[in-house]
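Engineer: Chain residues, written in single-letter form:
There are 4 protein chains.
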Amino acid sequence: MSASSRFFAIDTPVRYAGPEAETPRAFRWYDKDRVVAGRRLEDHLRFAVCYWHSFGWVGDDPFGGETFLRPWHHRADPMAAAKEKAEVAFELFRLLDVPFFTFHDADVAPEGAGLAESVANLNAIADLFERKMADAKVRLLWGTANLFGHRRYMAGAATNPDPDVFAYAAGQVRAALEVTHRLGGQNYVMWGGREGYDTLLNTDLKRELDQLGRFVSLVVEHKHKIGFKGPILIEPKPKEPTKHQYDFDVATCYGFLERYDLTKDVKLNIEQNHATLAGHTFLHEIALARALGVFGSLDINRGDELLGWDTDQFAMNAPELALVFHELLRGGGFTTGGLNFDAKIRRQSLDPEDLIYAHVGSMDACARALIAAAELFENGALTNPLAERYAGWDGPEGRAILDGRRTLAEIADRALASGFDPQPRSGRQEYLEGVVNRFV
Amino acid sequence: MSASSRFFAIDTPVRYAGPEAETPRAFRWYDKDRVVAGRRLEDHLRFAVCYWHSFGWVGDDPFGGETFLRPWHHRADPMAAAKEKAEVAFELFRLLDVPFFTFHDADVAPEGAGLAESVANLNAIADLFERKMADAKVRLLWGTANLFGHRRYMAGAATNPDPDVFAYAAGQVRAALEVTHRLGGQNYVMWGGREGYDTLLNTDLKRELDQLGRFVSLVVEHKHKIGFKGPILIEPKPKEPTKHQYDFDVATCYGFLERYDLTKDVKLNIEQNHATLAGHTFLHEIALARALGVFGSLDINRGDELLGWDTDQFAMNAPELALVFHELLRGGGFTTGGLNFDAKIRRQSLDPEDLIYAHVGSMDACARALIAAAELFENGALTNPLAERYAGWDGPEGRAILDGRRTLAEIADRALASGFDPQPRSGRQEYLEGVVNRFV
Amino acid sequence: MSASSRFFAIDTPVRYAGPEAETPRAFRWYDKDRVVAGRRLEDHLRFAVCYWHSFGWVGDDPFGGETFLRPWHHRADPMAAAKEKAEVAFELFRLLDVPFFTFHDADVAPEGAGLAESVANLNAIADLFERKMADAKVRLLWGTANLFGHRRYMAGAATNPDPDVFAYAAGQVRAALEVTHRLGGQNYVMWGGREGYDTLLNTDLKRELDQLGRFVSLVVEHKHKIGFKGPILIEPKPKEPTKHQYDFDVATCYGFLERYDLTKDVKLNIEQNHATLAGHTFLHEIALARALGVFGSLDINRGDELLGWDTDQFAMNAPELALVFHELLRGGGFTTGGLNFDAKIRRQSLDPEDLIYAHVGSMDACARALIAAAELFENGALTNPLAERYAGWDGPEGRAILDGRRTLAEIADRALASGFDPQPRSGRQEYLEGVVNRFV
Amino acid sequence: MSASSRFFAIDTPVRYAGPEAETPRAFRWYDKDRVVAGRRLEDHLRFAVCYWHSFGWVGDDPFGGETFLRPWHHRADPMAAAKEKAEVAFELFRLLDVPFFTFHDADVAPEGAGLAESVANLNAIADLFERKMADAKVRLLWGTANLFGHRRYMAGAATNPDPDVFAYAAGQVRAALEVTHRLGGQNYVMWGGREGYDTLLNTDLKRELDQLGRFVSLVVEHKHKIGFKGPILIEPKPKEPTKHQYDFDVATCYGFLERYDLTKDVKLNIEQNHATLAGHTFLHEIALARALGVFGSLDINRGDELLGWDTDQFAMNAPELALVFHELLRGGGFTTGGLNFDAKIRRQSLDPEDLIYAHVGSMDACARALIAAAELFENGALTNPLAERYAGWDGPEGRAILDGRRTLAEIADRALASGFDPQPRSGRQEYLEGVVNRFV
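Protein chains in written order, with my numbering: chain G, 1135 to 1574; chain U, 1135 to 1574; chain S, 1135 to 1574; chain B, 1135 to 1574.
Treat the hints with care, since some could be wrong.
A pair counts as met if it fits within one copy or between any two copies, since identical chains are not told apart.
To be verified - Simulated crosslink set (EDC-like; lysine to aspartate or glutamate; CA at most 20 Å straight-line):
1) Lys1359 to Glu1544
2) Lys1340 to Glu1392
3) Lys1363 to Glu1218
4) Lys1166 to Glu1225
5) Lys1340 to Asp1485
6) Lys1266 to Glu1392
7) Lys1266 to Asp1145
8) Lys1340 to Asp1528
9) Lys1340 to Glu1225
10) Lys1398 to Asp1231
11) Lys1340 to Asp1537
12) Lys1217 to Asp1528
13) Lys1363 to Glu1154
14) Lys1271 to Asp1177
15) Lys1266 to Asp1194
16) Lys1271 to Glu1509
17) Lys1266 to Asp1344
18) Lys1363 to Asp1167
19) Lys1271 to Asp1485
Hints were generated in silico from the structure; no laboratory data involved.
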């Protein structure tokens, strides 16, 4: 009996059993081969399990220590621990039957005595992953490097006042990108965990932005050099761990990419909890990324609307998710992106089974939401009224204005005419909310 | 005796009387001719009184009606009311001895039966202003158009689903811009009060952004056509009155200007309360605008850190303001911009004198803060440690990285060397906070 | 044809048509005679339409004027307007087939030249209500007095620094309570709209709390004197319109009632949007009120989780509501309380039908949620695990501790024993969230 | 040379050197023997250094590991580490010349194999403290027990579903209270770190409140039994680490104390950062505690107004602190309470000297604020207008109302009289803000 099958109480992968199923060990909505809006649910949702929350986190918080006591957190030999962790991880991938996983370098392999040893450790684990992936159906949605946990990065990685720290980060990213490439990763993510500041008193904003622009550009150049085809993804987050993160939100990231001429190669990995911490809805961030042409992938979780920190809870509210997936369907769904469970069980959820229940519950909520969204989308119940509402802009005068064939004076003159008095029309918000409730 | 001298109990302008003065009718710090950091206080601070809060607002809020009962709010004849209001306004400018004022079209002249009549009303009041400005020292910091109060704009002006509403807005802005030009205004402001949405269910984000881009471009073209030299300013605000305003914050506005190629002609008018509603400090927004090259002018007020709406209170906290002015000094101070009091007395501050006390109190807090900021700046107590902290980036390797003369692999190789282990250095936040407290 | 039937485009009351109905003019879930958990849906939910938002509000906000242009807002004769408003109101009650309505004095009758005339106006409208209620099935859930709109109340009513304002408020409340009694109102509500402060600089907190305690006590005494059987309800709200409202949240109100010995006669009217502004969930506030024995009634609406002001939107999210109703069922459901729609259509929802769609949509969301909650409750899927989790406290040692039969030293001594090492058990949050999703 | 003198670069205690001093190693305002408002600054401010942030914390946060690398965090022998830590702590007390310190059991002594060993460790360190305190002037402001860090407390201590955990907590508190008593502690604090919930789905609110009531009552009984004279203090905090803490804010704590009849023996320890997380100002919480008769002591720090978690920064803004101290002076100042620095240097403040600069900077800001507050208070510049504003309530009718000598009907009748029309008077907020700025 393997280590991993000893870790989880169940051995048989979770299967679809229909909405009436009472057990938490079955899917009630996620019937992966069911086709809606032209794709199998599995191909729409492209779920990924993340390594850090599910296998790395020990259950601590700022006021308390570890609660989980996973066996691999207490091995004396870090490489042995990393291998045991990998066994359990791939067992969870199998039990959940998810198509993807994700990781940081520091999640999967221990930090060595210097960068060279750390890179060697990472490559050794990548060898193990290659072997395990050959036998399993799970693939790599994306890889990334942890540039925020170690004390050397306390003042930032790319934006550190010390160019040597920038260099260390470059070393980590190069290795993580190359490993991601080797493992067939579909994207590479850069999360600017410490790229921000705690106080402006010791921060040169302009310098740091330029450093960050250079760093991302270097990674883009390297990606092309090694032939990595997937996009580089940056991830908006407004605050935490720093007081202010440079990749604040979608709009900020867009401006940054424009400034450093990176919109072609870099897209966004958007997270629900980061969206709400920035004062936006998840739906807003996705809709905006789509409007600006920088949509990439999603970290699927939920925040607590009343807490000011990143709670990274499993998303469970189907009506909210349905609108998110409706927006996704409007944009044609994912290409290289997917739904990464950047979500962690509560620190009181001690049992290995809690990991399973959490993923199953959220996968089900997503599936249910997607099915509703597909019906809503195919019905046109939201998109048709929208097209009608803006129809005036598709008329000749609307087009002339937008195409730059009118001056301000010409437009103004029309409004000065006697009797020109455009009347407002109902925005119908409550009616539309009722429409959504018909489908979800 | 004029109407206005009957309105305020005092007739003599407020004068500087030194820090020991006990009366609220004297400046204790704002000695306008005092020179710090190379300029007179008046020339640094460039205070402007705004028309809307001080003369337009009736004292209502969402749960209660008017409290102020100003005489001009109860005249039957709207043009007579507008003239009386102007008398009182210019009397306040005189009593406070401020160098500037600001207004919206709708603040100074009544809406007519159609746009043509509204424009005529505006021009009639502009005639009056010209005459009054000839006798007074007060100048126009900026003018603007109110594109959010009337029900026609309930779903936006430039971003309205109806192109006729866009046209009406164009008519108002053309007139307001021309009047601003005629009155020697130093800037023209566009506040996107309803340029945003209440629900994404009825909103086409991409269309609306394109409409807004077109609108601002039209105004820029018209500005050049009529020879208006000042910048167009747009004003970041994240929410209120809409759930989401398109000009969310400095970073969002910057991305918008980049997208529609407007960074050359358009700068930002930044407000403290809007900054905090967006989850930023005022200092952050100013520093970022400076770093991105889009700094324009300031609306000086304060929000309530615990309330989620725009309270627009008079700024009174000198230590906070000192850091703002230090940042301003680092950038060389205002060019066309100034400190506009987009601030309103509380609705319980019924007495005409409350208008005076509020402005005097805040002008004094600003003056005190500027004097401290100038000392701090000239001492280099913050800027010197900052330069030292980033010194590594001015070295040959730092410059090579930033200038694009290194590849990721080259940089990474350096970090792979044995013993390469950059050590973190103290960020010294508390030390620097103590330094600031030495000066303020 | 009556004025009111001209106001709404439909004449036939909204009826239940089953989940497949596509029209927004039918209920899809609210089958009022359906019995769940032992009561008809109508008797569980006890819906009330409120007068102020639906008929009083003109569609303005802090940045814009009226949008609705209802006919009765533009009558020259205020009593004629009040009567027309009443016609439309009762027509909406009929069309929605709601069992209850609610009002403030100022919503239904115009302010007179003095208090005596205002009271006379109120009584004249109450006469009209009596006649209309005789023909209709609608009843009065509660009445209240508006002690926050008029400028005399700008610094509070009961907590005003001027005892004459307290007296004026007493006059209004006496009349409103007596009218509520006459109309068979089931509760009387006191909302402390201006009972709070804008700045502590001008506020004597202790005095004001004592004034408020006295005021509520006076009302309780008067209620008994006139034989009004229903409870007095106070309504938690943390802020807006004031910076700080004294009835901040359920816990604060409870402490206030304890301090002034009012827990017997006074219960709480809890609102979702007020709960979230206070940093709580609606569910928390209800559960706490139930735990403390002060639960009364509910204002059903929703806030916007990202906006810091009272948006009073119609509640539409069934999963969230289901947990609220589950808590209600645990407490045995409403006695005198009900679900009052303290909710307003958006100011862009101009059409009379928007009023209907909004209420129908939210009534349906509530009905759907209640049906789910009843199943969840009858299944015991949440309550059984809860009882099991705390079972230790029902054992002999648990009871001994709680009943005061153990000292600290005795309890401590037990813990000092060798090997005493209580182990944590999983909190199972995600599992329980999945359980809830099986039912909603 | 001792370990501790090697830890800090300086050996001479920080001394007062006047406002012009440029070194961060001198006080510029805190002249401890200076008398204002009848007491020496030291006796007013009663500063305490806390053990946990300054000596226990390793510099980690939810996204990164330790940064400080203090020698005692890396000793193999935990008791040796505890002793080294104590040496450094007492050295800092000496260098800062503070009159008090504070600690949790877990800060000063290592957890043992069972409770008995933990208590023995605590008592061994208490022996050491007794010896060191005999030689030093520093005294114990308060002690407390850490009932939130260990995994056994993950679901609460007193409010745990398992009564054995309650018992373990009782054991810790008994020992910590007895050690506090032995060391002459002036208060004993209970912080309900995990007394709250993460989800209501697994929480029985009523049971948990009763458990907490019982626990505090047990401690009060034990305090009397052992002759401890100081008050028990509970500490309001709304959230973090739990989603909802039972001791939410001052008002909630007051209601809790009333419910369990504890107001006589239990007072409140109020923290700035907890106040703002609850949606209040620090000033509000102090003023309310004073009004309700439950004011005890203060944790002096500041939060970040834009971050939603407990940043516990050193308080540096003198104008804000001045109003806090003005309120304190109105209440006669501290009795057993003091200003405990529950404040931590930023994790980037690596150098031992940063600990000194942080405390010195905040002590100075407090001293400066207190001096200003004393002048403001003695001038009566805020208190006189306040008395005048409420003067009506000291008149015969005001007194009759408050004393219960008027019925609602009697008061109402007076208001019904013709011409009764109380007029609002200006709240003068801006004027009063200007007054404050004259003093700070």
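Engineer: Hint compliance check: list the failing hint numbers for this structure, sorted ascending.
Structural biologist: 3, 5, 6, 9, 10, 12, 13, 15, 16, 17, 18 and 19
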